[in-house]
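Chemist: Residue-level listing of the chains:
Number of protein chains: 4
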Amino acid sequence: MITYIHERGCCLLQFYKIVSEGIAHNSYMIASGGSAAVIDPRRDSDCYLEIARKNDCTITHIFETHRNEDYVIGSTELASRCGAEIYHGARMAFGYGMGVHEGDRFALGSLDLTVIETPGHTEESCSFVLRDREISDEPYMVFCGDTLFAGDIARTDFFGNERKREMAERMYDSITTKILPLGDGVILCPAHGAGSICGAEIADHPFSTIGYERRTNPLLRIVKEAFVSRRITETPYTPPYFRQMERFNKDGAPLRTGMPRLHPLTVAELNPLRISGCQVVDIRAPTGFAGGHIPGSFSIWRDGVPAFTGWFLNYEEPIVLIDDFNLDLEPVLRHFVRLGYDNLSGYLAGGFAAWYRAAQEVSTIATCTVQCLRQRIDAAPPFLLDVRDKKNHTRVGSIPGSYHVYVGELPYHLDEIPRDTPVVVYCDAGFKGSLAASVLARHQYTDVTNVLGGMQAWMRAGYPVEK
Amino acid sequence: MITYIHERGCCLLQFYKIVSEGIAHNSYMIASGGSAAVIDPRRDSDCYLEIARKNDCTITHIFETHRNEDYVIGSTELASRCGAEIYHGARMAFGYGMGVHEGDRFALGSLDLTVIETPGHTEESCSFVLRDREISDEPYMVFCGDTLFAGDIARTDFFGNERKREMAERMYDSITTKILPLGDGVILCPAHGAGSICGAEIADHPFSTIGYERRTNPLLRIVKEAFVSRRITETPYTPPYFRQMERFNKDGAPLRTGMPRLHPLTVAELNPLRISGCQVVDIRAPTGFAGGHIPGSFSIWRDGVPAFTGWFLNYEEPIVLIDDFNLDLEPVLRHFVRLGYDNLSGYLAGGFAAWYRAAQEVSTIATCTVQCLRQRIDAAPPFLLDVRDKKNHTRVGSIPGSYHVYVGELPYHLDEIPRDTPVVVYCDAGFKGSLAASVLARHQYTDVTNVLGGMQAWMRAGYPVEK
Amino acid sequence: MITYIHERGCCLLQFYKIVSEGIAHNSYMIASGGSAAVIDPRRDSDCYLEIARKNDCTITHIFETHRNEDYVIGSTELASRCGAEIYHGARMAFGYGMGVHEGDRFALGSLDLTVIETPGHTEESCSFVLRDREISDEPYMVFCGDTLFAGDIARTDFFGNERKREMAERMYDSITTKILPLGDGVILCPAHGAGSICGAEIADHPFSTIGYERRTNPLLRIVKEAFVSRRITETPYTPPYFRQMERFNKDGAPLRTGMPRLHPLTVAELNPLRISGCQVVDIRAPTGFAGGHIPGSFSIWRDGVPAFTGWFLNYEEPIVLIDDFNLDLEPVLRHFVRLGYDNLSGYLAGGFAAWYRAAQEVSTIATCTVQCLRQRIDAAPPFLLDVRDKKNHTRVGSIPGSYHVYVGELPYHLDEIPRDTPVVVYCDAGFKGSLAASVLARHQYTDVTNVLGGMQAWMRAGYPVEK
Amino acid sequence: MITYIHERGCCLLQFYKIVSEGIAHNSYMIASGGSAAVIDPRRDSDCYLEIARKNDCTITHIFETHRNEDYVIGSTELASRCGAEIYHGARMAFGYGMGVHEGDRFALGSLDLTVIETPGHTEESCSFVLRDREISDEPYMVFCGDTLFAGDIARTDFFGNERKREMAERMYDSITTKILPLGDGVILCPAHGAGSICGAEIADHPFSTIGYERRTNPLLRIVKEAFVSRRITETPYTPPYFRQMERFNKDGAPLRTGMPRLHPLTVAELNPLRISGCQVVDIRAPTGFAGGHIPGSFSIWRDGVPAFTGWFLNYEEPIVLIDDFNLDLEPVLRHFVRLGYDNLSGYLAGGFAAWYRAAQEVSTIATCTVQCLRQRIDAAPPFLLDVRDKKNHTRVGSIPGSYHVYVGELPYHLDEIPRDTPVVVYCDAGFKGSLAASVLARHQYTDVTNVLGGMQAWMRAGYPVEK
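Line by line, the protein sequences are chains A, B, C and D. Take any residue in the first sequence, count from 1 to its spot, add 174: that is its number in the numbering used here. Take any residue in the second sequence, count from 1 to its spot, add 174: that is its number in the numbering used here. Take any residue in the third sequence, count from 1 to its spot, add 174: that is its number in the numbering used here. Take any residue in the fourth sequence, count from 1 to its spot, add 174: that is its number in the numbering used here.
Possibly wrong hints are sitting among the right ones.
Since copy identity is lost for identical chains, a pair holds within one copy or between any two.
As the list claims (entries may be wrong) - Lysine to any residue pairs mimicking SDA-like chemistry, simulated, CA-CA at most 25 Å apart: (1) K564 to T407; (2) K424 to F332; (3) K228 to G432; (4) K564 to A532; (5) K191 to N229; (6) K191 to L223.
FYI, nobody ran anything at the bench for these hints, they're computed from the structure.
Could you put together the complete structure from these sequences and hints?
Modeler: Written out as structure tokens, the structure reads:
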């Protein structure tokens with residue numbers, strides 16, 4: 175496409191930020207002079223090829239800021255489709271790509287990317303400093319992966335308790351001696367936004383700068399020892415699927431060519447799968463699940479898939495989706511692809527109604543409003559189970575008398591939850607509560623109620639909160 | 175667009191069939207030599223303009239086969255956007271357009287449309303016979319509106335009991351003396367397909383021919399008197415919104431310019447509307463509605479909107495939609511536009527979850543499977559209410575001991591339904607049952623259960639059926 | 175998707191006609207009861223999978239009406255993606271699929287497809303008669319491949335002069351003893367529409383019926399011997415790529431997974447390709463090509479690709495596209511995929527302007543209007559070359575004094591075209607003339623002019639025509 | 175849509191930058207807590223409504239940073255469709271909206287926008303400082319309209335020569351005393367990007383920061399007097415359509431509802447328009463225009479429409495577009511809408527080929543390569559006309575012996591261009607040269623040649639350059 179003819183010819187800086195929602199992952203694509211680089215590509219990589227096509231450029235470089243734990247990096251996938259070279263930190267032995275070291279530089283038209291090693295989150299973490307030589311030698315942006323986030327700093331707990339102090343110190347040093355000195359005016363391009371499991375406090379700001387972080391990020395306003403101490407006591411959540419991600423991202427994940435297609439399954443096809451072993455994921459809202467569902471299914475609403483499947487689903491048994499109208503399943507499919515779940519096999523054709531129209535067994539989950547919960551507590555207090563994450567539980571406070579287990583860790587705490595007492599689960603809104611209820615039902619709990627609206631409704635109703 | 179250069183120059187026949195689902199309405203667009211005609215346009219008329227644009231042609235003629243009752247015709251809307259002339263049968267006084275008579279002919283490039291008057295469904299019904307003079311003087315297609323359908327003949331009951339015989343006879347004559355003589359090889363282009371309220375037996379065939387109908391349409395294989403007798407005893411359903419459609423289609427409906435935009439409403443905005451009077455339509459599936467809904471809302475699942483809103487909703491009070499994730503609302507919006515509901519005002523932002531997160535009152539509806547219903551009947555028989563349409567009720571048979579009232583007519587038969595006994599409603603699958611339950615709840619019935627899977631599940635389970 | 179709940183349950187007849195423009199190829203997809211069949215799928219097969227997805231059905235059967243010559247059949251491609259079984263006529267040895275014989279029947283929900291053998295176009299040609307048993311045992315449609323078309327009958331010249339009579343007789347018999355007896359009301363679903371190289375007279379009607387053809391098809395109104403005689407004297411065009419298609423369609427073409435991606439090439443990348451041997455296809459309009467083009471390129475405008483690449487391009491050397499703004503290249507790409515050109519390698523990034531901005535050599539072609547041609551003829555008559563096809567040349571007539579060679583066969587007739595005289599080429603509109611001029615330029619003709627508007631403009635100007 | 179449930183509830187910061195290409199205009203949309211604001215909306219305002227719909231929010235505020243000259247602001251258009259209030263600087267009398275003053279503050283969920291008055295480009299120019307109170311009281315972004323750009327400072331010449339000094343001084347003060355003190359880490363959101371007529375040196379950076387500009391913007395590295403002196407001598411281009419924009423943007427432009435539809439015109443419809451007076455705009459590339467065009471048409475390639483129509487087209491006579499294949503006309507249409515050209519009436523159906531197929535008169539323009547130009551100069555030097563803008567002319571240098579007139583100002587300099595000598599026009603690439611040639615042809619110049627590749631090719635060929 176010929177656009178306005180700049181004197182700089184084809185050396186325009188093209189910049190794209192590609193956000194994968196749910197995992198709140200940011201990848202970036204920059205291009206100049208007909209060549210493009212992608213930083214931390216996701217596995218469903220059509221978007222990068224499409225941008226390259228629109229801008230008449232060729233993807234020549236793929237940079238990984240670090241070996242990821244929370245999603246499958248798309249480097250090998252993308253490289254197989256465009257022939258680009260993959261680069262990552264040299265301080266780990268990867269099964270693919272080439273290692274880079276402090277000070278390595280890469281030219282892309284008038285652009286220049288310089289490597290700075292920024293360990294802490296992982297050993298081999300690197301950041302890439304972007305300059306536009308056409309304009310100036312000043313740094314313009316920094317692709318800093320999982321180091322400094324908007325409002326937070328990446329977790330440093332992946333190497334066991336014994337190395338927690340060391341990694342926290344290295345992170346502190348990386349940020350204070352490598353990132354911050356780039357200057358206040360440098361635009362920060364981290365690998366995650368708000369909602370990521372890699373940083374619980376990340377702000378929902380689309381962009382930040384070193385200057386804004388220096389002034390507002392709480393972790394940059396404490397001294398090194400205070401930061402390290404805090405880190406030593408923290409234990410962020412680590413879902414089981416991280417192990418699979420580590421394998422994939424070290425050795426290279428299986429290649430896909432484009433997106434898989436979801437297979438419509440009839441009830442007659444689903445039932446044998448249930449017998450031989452499959453994972454039924456009900457992606458509807460809590461009230462739909464409460465009103466009726468396939469026995470044994472997980473209640474993971476469509477937008478909860480990226481955050482919660484990794485806690486409960488394995489990579490072997492086929493996964494089947496249940497929806498009402500099977501609308502817009504493609505984003506749901508992408509979530510599974512990004513987490514490496516290539517065992518997704520299909521969805522129930524005709525939706526959940528096909529199930530009961532075929533006279534199959536239907537389970538339900540009881541629900542209650544906060545008003546009804548209050549009355550019930552007064553009458554005969556049930557076992558009140560709070561399944562929110564620690565942070566939410568601690569900061570917001572909880573319903574008096576409740577017991578806290580995070581929904582993801584529920585399977586490991588079943589002996590703490592009585593089977594002879596009615597259980598009432600709640601979270602912040604009712605979605606994670608529905609998931610928790612479905613998990614308990616899978617473990618033969620028979621009297622489980624989910625609180626619609628959870629803590630948000632409880633507080634809105636003006637009921638007492640325990641901190 | 176230059177495509178393959180035919181010798182016939184630009185006199186290619188372009189033919190499009192545009193299906194509006196739900197009301198199962200067919201409109202047609204034909205073009206030749208740069209001019210196009212639309213037969214029976216729908217109100218959301220962008221599609222015709224878009225086809226004209228793609229084919230470099232101008233819409234010059236709009237033909238109405240008859241004054242419709244089941245949807246708002248888009249003639250005036252489309253004419254206002256493209257300047258075409260509107261034509262309809264001359265035997266009724268319309269507030270717009272020009273009248274046509276038997277034998278009138280219209281040229282469109284090499285095409286030729288000839289009017290034949292085919293009364294029966296309405297007084298002024300016309301059909302349009304298409305010939306391609308470039309090929310032959312033989313008739314090629316007939317746009318026959320509501321006369322002969324694939325597998326059925328249009329209803330003839332719109333002029334009261336006293337004229338039922340007359341209109342049935344006229345319909346029989348129209349078909350046998352005007353349509354059938356066109357010849358077996360003529361392609362039939364009726365205004366409705368399977369699912370229309372204008373012909374309960376319409377086959378789900380995309381196209382038919384006069385020959386195929388002559389051989390297979392049951393109503394064409396009986397003699398005139400048998401046809402008329404049958405018609406005299408029939409009383410097809412006539413939803414209340416038909417009156418509004420008649421007004422709109424006689425005088426011209428209010429003009430829109432393009433599609434309206436749905437307004438996202440917060441709970442804080444919805445509550446005052448509920449007090450001042452609004453119609454809340456819950457477009458989720460029956461299990462979602464059962465699991466929790468806004469008190470007083472109608473349960474009309476998204477694909478049920480065209481068939482059922484016209485029975486219950488008025489044209490004055492604002493209409494608000496409730497969904498879980500507000501996915502793909504645009505087709506739902508179109509359904510309302512086609513039925514003339516310009517009082518659609520918005521949808522609940524954040525979905526039904528926003529409602530309970532705000533600690534609002536939540537109603538539920540009980541559901542049961544057919545297995546559980548069977549047990550319940552054996553234990554303590556409830557009042558079993560069959561809300562399917564007559565045809566379904568009669569042909570398929572019903573659950574022994576049930577009482578039949580069609581869901582659309584429920585409000586007129588409330589005195590037949592006890593208030594001191596549990597009521598169990600069922601339909602064929604569970605969707606219309608949910609609607610019926612919501613209607614009963616609005617009339618203060620407090621113990622209502624909807625059967626998931628309805629008659630389909632009951633029969634699949636092998637339970638006894640009463641015919 | 176739950177749509178309106180029919181009593182017939184899920185046995186709805188779904189019918190789709192998929193038209194591939196340019197080659198004017200029709201494939202069809204029918205579904206009932208959750209199973210679908212595709213007749214004569216094209217190679218870019220996403221469309222069928224997408225329809226299956228939307229209708230919650232599984233493609234179980236793929237039927238080939240015959241071994242095609244004019245495009246790559248997509249049977250193996252589609253089967254590899256959905257697991258369907260492939261069926262074709264048993265009277266040829268294919269490298270894949272299963273053979274069917276007269277009378278074989280296939281059930282698909284309530285539908286029934288019966289095989290009738292209809293040789294003539296090829297030895298093993300079959301047609302498939304569709305009945306809907308839910309409605310009647312009468313035939314409803316016939317998928318008749320390359321036998322009877324709307325307004326024409328398929329060519330019968332593929333087996334050499336010695337078998338022309340035999341094949342014409344067999345075609346006549348197939349149609350008169352197998353197709354026509356199905357009845358006037360049966361809908362005809364042939365494999366080609368207007369513009370196909372498989373039938374020069376095909377009408378541009380979207381659908382036809384046996385009755386309409388019986389009454390209007392000129393070839394059905396003559397006796398067998400007249401038909402055969404006509405066929406013996408006819409020699410339809412046979413582009414060289416047909417041989418490749420025959421190989422692919424007999425043995426199975428190479429599998430693709432989805433559509434290929436076009437690679438943007440810079441001038442620096444294109445030049446080495448030109449030296450090592452590549453085929454440059456300029457897809458712009460004649461005036462763009464005339465105003466400047468890369469030396470040696472073919473002028474095949476974007477919509478002319480399906481009809482003309484097969485005459486000139488080989489399957490070995492890489493193909494590069496030249497456009498001005500590289501808009502909407504995807505349909506062009508599809509044309510190449512359908513003809514099996516997997517050697518398409520890319521397009522010039524930045525369009526033709528990138529070429530001259532890089533100071534590369536630019537060729538031009540002279541053009542003239544018909545007014546200017548007339549003056550030129552009067553002054554000093556050039557060698558006037560008519561490159562239209564025979565039919566157009568014969569029926570429309572030509573400019574007095576012109577010499578006729580079809581554009582596709584130009585390379586074989588160069589010795590008939592003088593090199594020492596100015597050559598003026600014309601076709602019907604100017605597009606094929608531009609192609610002819612580009613072919614002559616490739617053969618070192620230096621004084622070639624293309625007539626803008628060709629015969630159409632000549633006649634519009636009221637100039638004399640020679641018949 | 176329920177996405178990941180943040181503790182901050184619905185107070186997420188949503189941020190969108192909407193770029194209108196060609197005029198290189200940036201508008202911004204921010205939302206928090208269900209309310210949204212748009213800064214400097216464009217006239218084709220569907221994009222904002224669509225974003226609001228996707229984010230379940232309501233647009234409540236529209237801010238104008240200043241009265242624009244280069245496009246029609248969409249404030250009244252958007253307000254009419256969403257009911258938002260419009261705000262602009264109080265120091266000018268607008269025909270709509272409300273005035274704001276230094277220090278005024280607006281809350282939007284957790285966000286806070288503070289007005290700072292920043293005159294210079296216009297009297298009433300304001301900037302809006304964004305803070306996220308949830309995070310900090312530090313400024314986060316500044317929407318600075320036409321003050322500080324990435325790499326440039328907005329023009330200050332709109333108030334005549336007598337006020338050039340004053341306005342330049344006020345601009346300098348606005349930037350140095352209002353914008354820069356916000357701090358290096360603040361993200362800069364100006365109203366224009368690279369290519370805008372409002373700042374010739376704007377860098378093609380997607381975002382900038384105050385810090386990056388402070389360090390790299392050349393105009394921030396000189397003292398006030400140097401800046402003012404430079405400004406006094408500068409005379410940026412001012413196309414005639416600016417006057418219409420000023421009227422529209424002061425009083426409010428005519429309202430549209432959605433985008434207009436382009437009308438396909440036949441040759442028979444176009445010819446009367448040409449007689450009664452219309453403006454034919456040929457949007458093809460230079461070689462297509464050179465190879466043949468409608469006499470009297472302007473050669474403005476599709477991407478040149480926003481930059482060049484305003485120099486040549488009036489707002490009264492109907493505008494007709496000429497393309498080859500009429501592909502993707504919608505972006506072209508948008509360009510006209512944004513410049514307020516509501517007199518766009520259609521496009522030639524069938525493309526330019528329809529013109530010559532109808533045997534109409536065709537004009538051509540000669541072209542030459544730089545190689546051929548060089549030879550020609552050596553043989554018999556033509557009048558060499560350089561139509562690039564001043565900046566390009568001065569910095570890049572020119573072909574020796576050429577005469578410079580900017581293409582936009584050509585009509586005012588015709589007496590400087592000889593009519594008895596061959597004229598060869600060149601620009602940087604060949605597009606503006608084609609436009610210049612078309613303008614000269616409209617003024618009866620008969621021997622005009624356009625240089626393909628222009629200065630870029632000339633330099634690539636290594637030919638001498640005069641500075």
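Chemist: So which of those numbered hints doesn't the model satisfy?
Modeler: none
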